[in-house]
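Model the full assembly from the supplied sequences, consistent with the hints where possible.
Protein chains in written order, with the working numbering: chain A, 610 to 865; chain B, 4 to 279.
It is possible that some hints are incorrect.
Covered stretches of chain B, going by a simulated chain A footprint (3 or more residues, C-beta under 8 angstroms) [claimed, not checked]: (1) 146 to 153; (2) 159 to 170; (3) 227 to 239.
Far from chain A by the CB rule (all over 10 angstroms, computed), these chain B residues [to be verified]: (4) D13; (5) T113; (6) E140; (7) T141; (8) A245.
Please keep in mind that the hints were generated in silico from the structure rather than gathered at the bench. Bear in mind that the values here come from a model prediction, so they are computed numbers and not experimental data. Think of the CB as a built atom: it goes at the ideal place given N, C-alpha and C, for glycine as much as any other residue.
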Amino acid sequence: MTPLLEVRGLTKSYGRSLGCAEVSFDLWPGEVMGIVGESGSGKSTLLNCLAGLLEPDAGEVIFDTRADGPRDVLRMGEPERRWLARTDWAFVRQNPRDGLRMGVSAGANVGERLMAVGARHYGDIRARATDWLRRVEIDPARIDDRPRTFSGGMQQRLQIARNLVTGPRLVFMDEPTGGLDVSVQARLLDLLRGLVRDMGLSAVVVTHDLAVVRLLAHRIMVMKDGRVVEEGLTDQVLDDPRHPYTQLLVSSVLQV
Amino acid sequence: MTDYNFAYLDEDTKRMIRRAILKALAVPGYQVPFASREMPMPYGWGTGGVQVSAAILTPEDVMKVIDQGADDTTNAVSIRRFFEKTAGVATTTRTAEATVIQTRHRIPETPLREGQVLVYQVPIPEPLRFLEPRETETRRMHALEDYGLMHVKLYEDIARHGRIATSYAYPVKVEGRYVMDPSPIPKFDNPRLKSEAIQLFGAGREQRIYALPPHCRVESLDFEDHPFEASKADHPCALCGATGSYLDEVITDDAGGRMFVCSDTDFCATRRGEAA
Ligand SMILES: Nc1ncnc2c1ncn2[C@@H]1O[C@H](COP(=O)(O)OP(=O)(O)OP(=O)(O)O)[C@@H](O)[C@H]1O
Ligand SMILES: [Mg+2]
Chain A
610 MTPLLEVRGL TKSYGRSLGC AEVSFDLWPG EVMGIVGESG SGKSTLLNCL AGLLEPDAGE
670 VIFDTRADGP RDVLRMGEPE RRWLARTDWA FVRQNPRDGL RMGVSAGANV GERLMAVGAR
730 HYGDIRARAT DWLRRVEIDP ARIDDRPRTF SGGMQQRLQI ARNLVTGPRL VFMDEPTGGL
790 DVSVQARLLD LLRGLVRDMG LSAVVVTHDL AVVRLLAHRI MVMKDGRVVE EGLTDQVLDD
850 PRHPYTQLLV SSVLQV
Chain B
4 MTDYNFAYLD EDTKRMIRRA ILKALAVPGY QVPFASREMP MPYGWGTGGV QVSAAILTPE
64 DVMKVIDQGA DDTTNAVSIR RFFEKTAGVA TTTRTAEATV IQTRHRIPET PLREGQVLVY
124 QVPIPEPLRF LEPRETETRR MHALEDYGLM HVKLYEDIAR HGRIATSYAY PVKVEGRYVM
184 DPSPIPKFDN PRLKSEAIQL FGAGREQRIY ALPPHCRVES LDFEDHPFEA SKADHPCALC
244 GATGSYLDEV ITDDAGGRMF VCSDTDFCAT RRGEAA
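Next comes the structure, spelled out in structure tokens:
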């Protein structure tokens, strides 16, 4: 089997301050990787480099494309990378306002990716948008409402529907439950877990909430000052942390 | 004639505009930037179209200027006078006799021929502007053919009104590549964007020129189950009886009386045998 994503020596600096350094890992089909670490440890930098939103200084991000097998995403032309970004990849942002088009209806938000890849049948687009609203537990009667009339949790679920409608294989998520009430978070996590399982998605999830990785991730990487200090199966790392920093991270959570 | 260079603009400016026009013809539907000049009329009065016309006029040309299909509105009359004065070219109201036609908001009903040039006045050249205000982003979207947003707009139309309600400036795809705003012509005119004539679009304030060379393929965006329709008021013209021309609704008295007449005044007058 080929990994879906092979990351080698990914490094990104912002001038003299380090974003992330020499990150390498494989992500297998159907696997969810959690990236944890304190604020400023380089999680978002790494995620944005993986998703082609930031240009790293060095490294390779090799994605197993449907058409041509493993290809280095960083050396693709922008048209090809954008095509991947709206077909095989998804990016769920912490703030739904950054990931949604607030000026158009929920249906148009979900339908946009379909139209971007050539869907030209209004009835079909609407039917698929309706289906996806239902799957993320939004009342389909709200299909023509604008997202600004939705609660924070609904907006986040709409963003997920908008991203998953084209059946991507790889989902990047940056703090998908951040900024939500605890009860809303739990429901969203549950939904995400179901979707990942049902669709056989691979995902890279950035969070500083260990409860999130415990529920979603098969494996985790712990980052500190831009570097990966520990990596392994989620339960192993969280129950028996080796690196002193991970031990600190885990114990501080337990004390909460 | 001694106060101005022929057709007002100096030769360097004309050369710069002609280069933009040639590039625009070579890449149909692509918006070519140009250094728009101050013209002796305000923006919104067709300064883009006037500069394009000035750059292509020759002393032998016969010019026609229309505004919403009519030769006699203030805007059309003042632009026609401008060229009579600065270029000394002959002018006409007859579509068939003109070699250069400057227009705002209409394509003449009489089919254009090879050798004629139709110059459009364009207020907003960017069809993606309404959903994406950032110029850097819209340019990139054109470059990458990232046009999903155009259909998002049409989707919203249908979701809200049950049909595509856009009736002016209806977006088109040119030669299967660039999405283009045909300027605020009624969508009734869209099928006639495919033409034997050269069509040039000038936006003065936004400093853009784009073009459709003769016979180039122009498709109005739509959905399979909501196909594009070149609709018009379902009446014959009250003056000439034409059934296939685009009509304006005219209020005839203050008791609510109204009638529908051809918006193309030359077409209507010719049919009535009283060409001006
Ligand atoms: N645009 C930028 N310019 C300069 N430095 C930056 C920029 N973005 C991030 N950094 C720096 O890079 C380092 C990593 O930041 P990053 O945002 O990746 O961390 P993070 O782990 O996502 O943090 P958080 O949990 O707060 O989101 C930090 O030191 C940060 O200050
Ligand atoms: Mg972050």
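Now the hints, each set against the structure:
1. Counting residues of the stretch 146 to 153 of chain B whose beta-carbon sits less than 8 angstroms from any beta-carbon of chain A gives 6, enough to reach three: the coverage restraint holds.
2. With 4 residues having a beta carbon nearer than 8 angstroms to a beta carbon of chain A, the stretch 159 to 170 of chain B meets the requirement of three or more and the stated coverage holds.
3. Requiring three or more residues with a Cβ within less than 8 angstroms of a Cβ of chain A, the coverage given for the stretch 227 to 239 of chain B holds, as 3 such residues are present.
4. Against chain A, the non-interface label of B:D13 holds: every CB pair exceeds 10 angstroms, the least being about 40 angstroms.
5. Non-interface call for B:T113 relative to chain A: holds, since the shortest CB-CB distance, roughly 34 angstroms, exceeds 10 angstroms.
6. B:E140, annotated as away from the interface, keeps every beta carbon of chain A farther than 10 angstroms; the closest lies near 12 angstroms.
7. Every CB of chain A is more than 10 angstroms from the CB of B:T141 (nearest about 15 angstroms), matching its label as outside the interface.
8. Chain A leaves B:A245 outside its interface by the beta-carbon criterion, the shortest separation being 33 angstroms against a cut-off of 10 angstroms.
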